[in-house]
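Sequence lines, in order, name chains A and B. Numbers 1 to 332, taken from this note's numbering, label the letters of the first sequence in order. Numbers 1 to 645, taken from this note's numbering, label the letters of the second sequence in order.
Some hints could be false.
Said to hold, decoys possible - According to the in silico footprint, chain B covers these stretches of chain A (three or more CB under 8 Å from chain B):
#1 115-129
#2 228-235
Claimed, not checked - DSS-like, lysine-lysine: derived pairs with alpha carbons at most 30 Å apart:
#3 K265(A) x K262(B)
#4 K265(A) x K334(B)
#5 K85(A) x K230(A)
#6 K265(A) x K294(A)
#7 K163(A) x K186(B)
#8 K131(A) x K163(A)
#9 K124(A) x K164(B)
#10 K246(B) x K83(A)
#11 K86(A) x K164(B)
#12 K264(A) x K186(B)
#13 K124(A) x K262(B)
#14 K314(A) x K139(A)
#15 K152(A) x K246(B)
#16 K253(A) x K262(B)
#17 K264(A) x K246(B)
Derived by calculation from the structure, the hints in this document are not laboratory data. As the structure is a computational prediction, the values presented were derived from the model and not from experiment. Don't be surprised by glycine CBs; every beta carbon is placed ideally from N, CA and C.
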Amino acid sequence: MFTDHSPLEKIFCCCLLAMMLVSGPVKATASPLQKVTFIPQWVPQAQFAGYYVALETGIYRKYGLEVTIIDGGPHRSSADYLKAKKADFASFWLTTGLELCDRGIPVVNLAQIVQRGALMLVAKKQSGIVKPEDLAGRKVGLWGPPFDVQPKLFFKQYGLTVKPVRQSYSINLFLRDGVAAASAMWYNEYHSIINAGIDPDELTTFFFSDHGLNYPEDGIYVRRETWRQKPKLCRAFVNASLQGWRRAFAEPKLALDITMRNLKKARVISNRVHQEWMLNRMHDIILPADSRKKMGRLNKEDFQRVAAGLLKQKIIQKAPPFQDFYQQAAGE
Amino acid sequence: MGWLRCRGIAFKLSLLVLSGVTLVITLILGFNYHLSRRLMTEKIEENAFNLARATANRLNTLLKAAEKIPAGVAQTINELRPNRQELNNLLKNRLAGNPELFGIAVAFAPETGAPGTNLNSCYYINRSDRIEKSPITYDYRTHDWYQIPQVLGRAVWSEPYYGKSGHAIMTTYSVPFFRHENGQRKFAGTVSVDLSLNWLRNVVSSLKIGKTGYAFLITRNGTFVTHPNFNLIMNETIFSIAEAGKDPGIREIGRRMIAGEKGFTAFTSLVNRHRYWMVYTPLPANGWSLGVLFPQNELMAGIHSLTKIMFILGLGGFFLIMLVILLTAGQITKPLRALARSADQIATGNLETDITIPGNRDEVGRLALSFAGMQQSLKEYIKNLTETTAAKERIESELNIAHEIQMGILPKIFPPFPSRTEFDLFATITPAREVGGDLYDFFMIDDQHLCFTVGDVSGKGVPAALFMAITQTLVKTRISLSSAATLGQVNNDLAHDNPSLMFVTLFLGILNIVTGELEYCNAGHNPPYRTTPGHPSRVQPLASTEGMALGVTEDFNFSSRRLKLNPGETLFIFSDGVTEAMNNEGELFSEERLENTLAGTGGKEVGKITELVAGELEAFTAGAPQTDDITMLVIRYLGGGKKST
């Protein structure tokens with residue numbers, strides 16, 4: 001095409017072409033993205049698939065957010081990060097939220113993601129445990145607060161005295177029969193036990209939610225001042241996150257690809273079938289049992305049940321008013 | 001199978017033999033393959049166990065060696081109660097003396113620690129050039145390496161974990177030590193050694209089994225510690241692999257492995273879909289399990305190629321046998337085919353066809369010879385048959401001539417005397433064979449007297465006919481107006497020279513046609529019937545003259561009788577062929593039936609009467625073969641000078 005033109009004309013044409021190419025993307029950044037940080041309460045895994053999907057499929061950007069997800073983990077508490085303003089948004093349990101309020105740290109629950117508690121006790125049938133009463137006098141692995149609230153209430157409910165053993169992050173003490181029963185999350189440790197070669201029918205499970213101790217777990221929290229100053233931002237983050245969850249449930253393969261990528265990046269030891277199990281269980285505990293109810297809402301009854309349990313266990317002295325603690329950010 | 005029937009012998013033979021050959025070859029190949037495979041599998045199993053056991057022993061020895069160090073330190077702590085400095089030196093010395101160890105630590109239970117600090121531990125790690133103190137900054141009480149031996153009260157190898165550098169996979173062996181307070185044993189802490197798993201991985205990955213065989217090591221939880229696929233290491237357990245591959249068989253194998261069992265099993269890889277034999281054996285020291293996979297296709301390659309060669313050889317043999325059979329069968333059946341062609345020719349009547357006799361005297365040769373003999377016999381037979389037939393035809397024609405002559409003797413023109421109005425006469429004879437032994441005759445002796453005879457010669461055929469002709473001639477020669485005298489003379493003539501002892505029954509009547517007077521003599525013949533017209537007509541037999549058959553004995557005195565016929569009366573003279581005619585049931589026609597028939601013949605013409613009786617006879621016998629001559633003669637007296645119309 002340049003055969004009949006002078007060298008100068010050629011240069012001019014090239015410049016024109018380059019300008020045309022560059023001018024395209026400039027228009028897209030009409031309003032600047034707001035930078036926010038979020039920390040889940042544990043390492044990257046399918047427990048937080050919705051957030052990673054929202055981030056990687058551009059849902060947050062669509063809501064005008066430029067989100068950075070900070071890896072949580074055993075040595076990086078999401079509650080501490082929120083308190084120390086190292087993160088704008090954090091995910092932690094409802095019990096943690098109530099505890100923070102009790103300690104005078106002003107946090108607000110914007111959305112209750114997990115509706116049904118996945119905390120459970122697992123025992124080997126071989127050890128003779130088939131009903132709650134069988135736990136009496138046995139060694140039971142318990143995690144530290146707030147994970148021990150439900151088990152302790154559970155034992156009280158059945159009038160049991162057990163020998164608590166402080167449980168680590170691994171299930172090895174249980175697998176080696178160091179404890180007769182162990183704490184487990186349905187979506188995580190339970191499946192790890194299965195994938196260590198113990199068949200489901202060899203296990204006895206006690207879901208606290210089946211024993212009147214349904215404590216909704218993961219929720220999205222902000223500091224009260226953030227909510228007061230930037231409610232729109234909070235709503236955008238929560239709605240984008242919920243959309244991320246919906247997408248993750250609709251496209252589990254995509255969600256798993258994204259989860260595995262983030263998990264590897266953080267050098268988390270895991271595998272795809274485990275994450276698949278976890279994602280499926282998140283689906284079970286996040287979507288409200290009543291299909292008329294919407295995702296991400298904190299029910300007052302749930303709130304009161306958890307607060308009552310914490311008060312009873314003297315973990316908190318005083319429960320905050322529901323309307324102060326919960327600010328519905330989900331929806332319009 | 002219908003199509004097979006139309007095929008030639010060569011084809012059928014080839015098909016059958018080749019089917020048999022194919023079956024035999026297939027069986028041999030199959031059996032050989034099966035047997036070789038079994039032997040090979042047994043051999044592999046033995047070798048596999050040996051290899052796995054040797055490797056497991058090697059790993060176990062290394063682990064056992066490492067176990068001794070913390071056990072020794074724990075014993076020293078228990079017995080000597082070293083102070084801090086002594087303990088530090090002890091640990092440093094042990095680490096320096098065992099370069100395979102990554103680190104060594106003593107962690108005290110909190111209540112036994114030095115005052116002021118709750119947690120008390122000392123930890124040394126082996127750098128490449130020096131031994132470095134590395135304080136434990138976290139709360140080790142909820143860490144597996146400390147907590148599990150504490151809770152279980154015995155030494156434990158930990159599950160593998162990533163070391164601080166993040167690259168090396170480590171495992172820790174922790175030995176608890178105790179102190180005794182008031183006679184009670186109390187947990188006082190652990191002595192632990194850290195071991196990099198690199199050396200272990202080296203041992204396992206150094207196992208080279210063919211091109212695609214490999215070995216792997218899993219922990220008591222089923223976690224992969226070594227595997228050629230690095231992605232599996234630490235991340236996956238054998239159970240997660242089984243779940244991902246939806247293969248419950250692998251899960252079962254995994255459960256056996258972590259249960260410390262040993263075994264040999266077929267195994268299909270979920271990664272490359274190759275089939276393996278897998279042998280697994282535990283490491284007694286830490287309960288881990290070593291799996292060694294032997295690729296079936298590689299190990300069986302020899303057997304497969306051997307089977308392939310045998311198959312090709314079998315195929316070659318098959319074609320060779322096919323060729324031989326086709327040639328042989330063609331050779332054997334060639335004379336048969338020629339014979340078949342000749343037989344076809346003979347079947348069309350061509351007896352002059354040449355039959356090729358093969359040179360050898362096998363079944364086919366003998367068959368051809370027999371066939372040629374048969375052809376010759378057939379030719380001779382047909383020649384004889386032709387001659388016999390010609391002779392028979394000649395005799396038959398002569399018999400026909402004799403029949404014609406016999407018939408020629410008998411008067412056959414009716415009415416015989418058209419000018420005579422006094423009587424009507426009709427006669428008929430139906431011989432049983434071509435030449436019969438019955439006779440009848442009538443002639444005018446003079447103007448007034450009509451002579452008529454009906455006889456039956458004993459026997460049939462030509463001799464009977466000749467005897468009959470003689471009798472007839474003799475009657476004509478000896479005739480007089482006395483019937484008894486006539487018969488007496490005829491009897492003497494016949495009996496005089498009668499070597500064959502033939503005889504004849506004869507009825508002779510002489511009718512005076514003017515007066516109607518009848519003089520008759522019956523020489524042993526059936527009595528004739530006299531029919532007087534009426535409704536019904538009266539039928540009665542003529543009275544007997546008690547005469548004897550002619551030709552039996554000479555000089556017999558015959559007597560005669562007389563009667564007078566009225567005009568319109570009819571005489572019916574017949575031979576025993578009429579009354580003894582037999583139907584298929586063996587029943588005789590009988591005099592009774594004849595009388596009944598005649599009763600209905602009142603005014604009928606004389607010709608019609610014989611017709612009527614013949615019709616009745618035919619109806620009675622209903623096709624049964626005629627056994628005797630049937631002769632009937634009817635005379636109706638019409639009266640002097642008048643003739644009925």
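| said: Next pair to validate is K253(A) with K262(B); report whether the Cα-Cα distance is within 30 Å. | reply: violated, 38 Å
| field | Given pair status - K262(B), K124(A), alpha carbons within 30 Å | value | Roughly 24 Å between the alpha carbons, so the hint for K124(A) and K262(B) holds.
| Straight-line Cα separation of K124(A) and K164(B) no greater than 30 Å? | Since the Cα atoms of K124(A) and K164(B) sit roughly 34 Å apart, the hinted pair is violated (cutoff 30 Å).
| request: Verify the proposed pairing of K314(A) with K139(A), using a straight-line Cα cut of 30 Å. | output: Holds, because 24 Å separates the two Cα atoms, which is no more than 30 Å.
| query | Hey, K152(A) versus K246(B), does the alpha-carbon distance stay inside 30 Å? | reply | violated, 38 Å
| task | Decide if the proposed pair is consistent with the structure: K131(A) and K163(A), CA atoms, cutoff 30 Å inclusive. | result | holds, 17 Å
| Taking 30 Å as the top limit, are the C-alpha atoms of K265(A) and K294(A) close enough? | Roughly 33 Å between the alpha carbons, so the hint for K265(A) and K294(A) is violated.
| Pair hint K265(A) and K262(B), alpha-carbon separation not exceeding 30 Å | Status violated; Cα separation ~38 Å.
| Given hint K230(A) paired with K85(A) - CA-CA distance at most 30 Å | holds, 15 Å
| said: Hinted pair, alpha-carbon criterion (30 Å max): K163(A), K186(B). Please report holds or violated. | reply: holds, 17 Å
| Restraint check for K246(B) with K83(A), where alpha carbons must lie at most 30 Å apart | Answer violated: K246(B) to K83(A) is near 45 Å, above 30 Å.
| task | Assess, step by step, whether the Cα of K265(A) is no farther than 30 Å from the Cα of K334(B), and give holds or violated. | result | Given that 30 Å is the threshold and the Cα spacing comes to 87 Å, the pair is violated.
Going through the hint list in order, the structure does not satisfy hints 1, 2, 3, 4, 6, 9, 10, 12, 15 and 16.
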